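Peer 1: Okay, here's what each chain looks like letter by letter:
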Amino acid sequence: MPSSAPGVDVLEARQLEVTFPGAAAPALRGVDLTLGDEKMIVVGANGSGKTTLIKSFLGLVPTTGGTVRVLDRDVDHIHGAVGLSTNLAEVYRLISLPIGDLVPVFAALKGGDPRELRERLHEFELDDVLGKRMHELSTGQQKLVGDLLAISFGPRLVLLDEPFDNVDFARRRRLVGRLRDLSAAVLLNTHELELLSNFGGWKLALMFEGRLFGPFRVDELDRLFLTRGTRPGALAEMTTSLGTFSITLDAGDRPMKSATSLNALVEALA
Amino acid sequence: MNLWRPYTKAMLTNRALWFWAVVFMGFWLAIGAFVESQGLSLAGASLRDYATSWYAVIVLFSLSMLAVSIANSMTYGSGALAYSFRFTRLTPESYFGSVVGGSAVLGFVLSFVLIGATTGMFAVRFGSVLLPANVPALVGISLLGGVFYMALSMTLILVVINYLGLKSASFVGFVPLLFSWALGVAQSYVRLPNWLLYGSPFNDLASLLYQGFAGYPSAPVLGQANGAALDWAPLTLGIVVWTVLLTGTSLWLLRRIRVRQLEEGRQI
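Protein chains in written order, with this note's numbering: chain A, 261 to 530; chain B, 56 to 323.
So here's chain A without its partners, still in its complex pose (with noise of 0.2 Å):
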């Protein structure tokens, strides 16, 4: 069961590009991140590469450049690594029947006890899933479905997709609580910036137009501001089709905190 000794970084990726067939723009560009045993939190808006960012370290989408590390072997040449894991619904498409006969194999599949899942879908108020099949479930409850399957048995990396979408407002906390408690690295993808007071001591990256940048920490977000243009000491810089843009600290055109999402306070100052 290959997995990385303690203090190795989990997920690494170096000038990571991916273009997909057709596709006007790089989906990814030059993209590079590390990542230990921590966890970080990148903000982007829709369509900014998240979830594509997420799929490459999956190994579900073919990078046409750089390189991509997890648990400390490159994805291509990865097998048996159930230290990670995933809230992303296509990679539970295995076999078609109802969650409750499900949980077993997904247990066995990662080498876990099944009544730890059981015990988080009753604590989510899910038990009624167990009788019907992923495609039944509403939105929100498949998204939770996947969110519970990614932190169970134990692993040592999560990838969280868009973990809150169509999730109600209880639930969304019951499950900020339970990754705030997660003794595992984390990679959590968001468009939602009024999440990230949830997560102080966290990373954050930002994502906008298939480039990352970062890292800064959450806790620091009320001192980030967006600056058009380059400024000496920048925390970074940022080159869009719209212009470039410093993150600078403590003083800046635009507080990050003031923004609904990246995308507004992009064109807001562009």
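No lab work stands behind these hints, which were simulated from the structure alone. Owing to the predicted nature of the structure, the values given are computational and were not obtained by experimental measurement. Incorrect hints may appear among the rest.
To be verified - Beyond 10 Å from chain B on every Cβ pair, some chain A residues (computed):
hint, residue
1, Asp269
2, Thr279
3, Pro286
4, Thr294
5, Gly307
6, Arg378
7, Ser398
8, Asp441
9, Leu453
10, Arg491
11, Ala494
12, Ala496
13, Ser501
14, Thr504
15, Leu529
16, Ala530
As the list claims (entries may be wrong) - DSBU-like, lysine-lysine: derived pairs with alpha carbons at most 35 Å apart:
hint, chain 1, residue 1, chain 2, residue 2
17, A, Lys517, A, Lys392
18, B, Lys222, A, Lys392
19, A, Lys517, A, Lys299
20, A, Lys392, B, Lys64
21, A, Lys299, A, Lys463
22, A, Lys463, A, Lys517
Where a beta carbon is used, it is the ideal one built from N, C-alpha and C, also for glycine.
Following the hints, put chain B in place on chain A, whose structure we already have.
Peer 2: Below, chain B alone, put in the same frame as chain A:
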């Protein structure tokens, strides 16, 4: 990591598969028993020949429905398989073994349900109960048939997934059915050349099913007692060689499975 139990359960509880592989095939058996038999003087050996040829061809069609079902399932699961081979205990070999287990069980079940249907319908029509002569042989042939169709459909659909794209999946999924239909029906009416009778896995299977049910070797034309009887040994060798070749090919392709988006398969 063996998933043959959940795969077997998924196959056995697939109502659509039961409809197309059993109910729809029952309809064709009824055509054979009640419509096509009109005007034929059938009794004793001729009745057994006639009924057995229908049974053999109908089992081919039924198993090809299983092949369609497997191919369809794999187009939905390319992402799940690619992920599972990397990040779970599932290996291409154990996945293949799991589907083989389910397919063999289903091949056995379909074959024996159709034995019951054949016996029942012809008993109603002719008042004569026809029971299979060699049940152990039929068990073995049915299991092998299930595995052959599974390996064939998996090979074809993996070629689509890995190289052609899902646009072709709907059509390629029907290839086993088309071959079963063309070669099975042809053997019922036409004297096919020996190289085809022994070299085609579909005809190998039909002839062996015939021999298992009737208790004596099939003639080159199913149900017509003329021409030298077909030899079961090369027939068995033929289907086994095909199954082994397709198993090796599908495993090779499975290790290289590409992820496809379902929408890619939309035709219009």
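Peer 1: Now tell me, hint by hint, if it's right for this structure.
Peer 2: Evaluation of the provided hints:
1. Asp269: Correct as stated: the minimum Cβ-Cβ distance to chain B is 17 Å, above 10 Å.
2. Thr279: holds, 16 Å
3. Pro286: holds, 18 Å
4. Thr294: At roughly 20 Å from the nearest Cβ of chain B, Thr294/A sits farther out than 10 Å, so the non-interface label holds.
5. Gly307: About 16 Å separates Gly307/A from the closest Cβ of chain B, which puts it past 10 Å; holds.
6. Arg378: The claim stands: Arg378/A keeps its Cβ more than 10 Å from every Cβ of chain B (closest is about 16 Å).
7. Ser398: At about 20 Å from chain B, Ser398/A clears the 10 Å cut-off, so the statement holds.
8. Asp441: For Asp441/A, whose nearest Cβ neighbour in chain B is about 23 Å away, the distance exceeds 10 Å, so it holds.
9. Leu453: holds, 29 Å
10. Arg491: holds, 41 Å
11. Ala494: Its Cβ never comes within 10 Å of chain B, the nearest being 38 Å, so this holds.
12. Ala496: Ala496/A is indeed farther than 10 Å from all Cβ atoms of chain B, at 31 Å.
13. Ser501: holds, 26 Å
14. Thr504: holds, 34 Å
15. Leu529: Since the minimum Cβ distance to chain B is about 35 Å, Leu529/A lies beyond 10 Å and the statement holds.
16. Ala530: The assertion about Ala530/A holds, with a minimum of 32 Å to chain B.
17. Lys517/A to Lys392/A: Measuring from Cα to Cα gives roughly 41 Å; hence the hint is violated.
18. Lys222/B to Lys392/A: holds, 30 Å
19. Lys517/A to Lys299/A: Holds, at about 20 Å.
20. Lys392/A to Lys64/B: holds, 15 Å
21. Lys299/A to Lys463/A: Holds - the C-alpha atoms of Lys463/A and Lys299/A are around 6 Å apart, at most 35 Å.
22. Lys463/A to Lys517/A: Holds, at about 16 Å.
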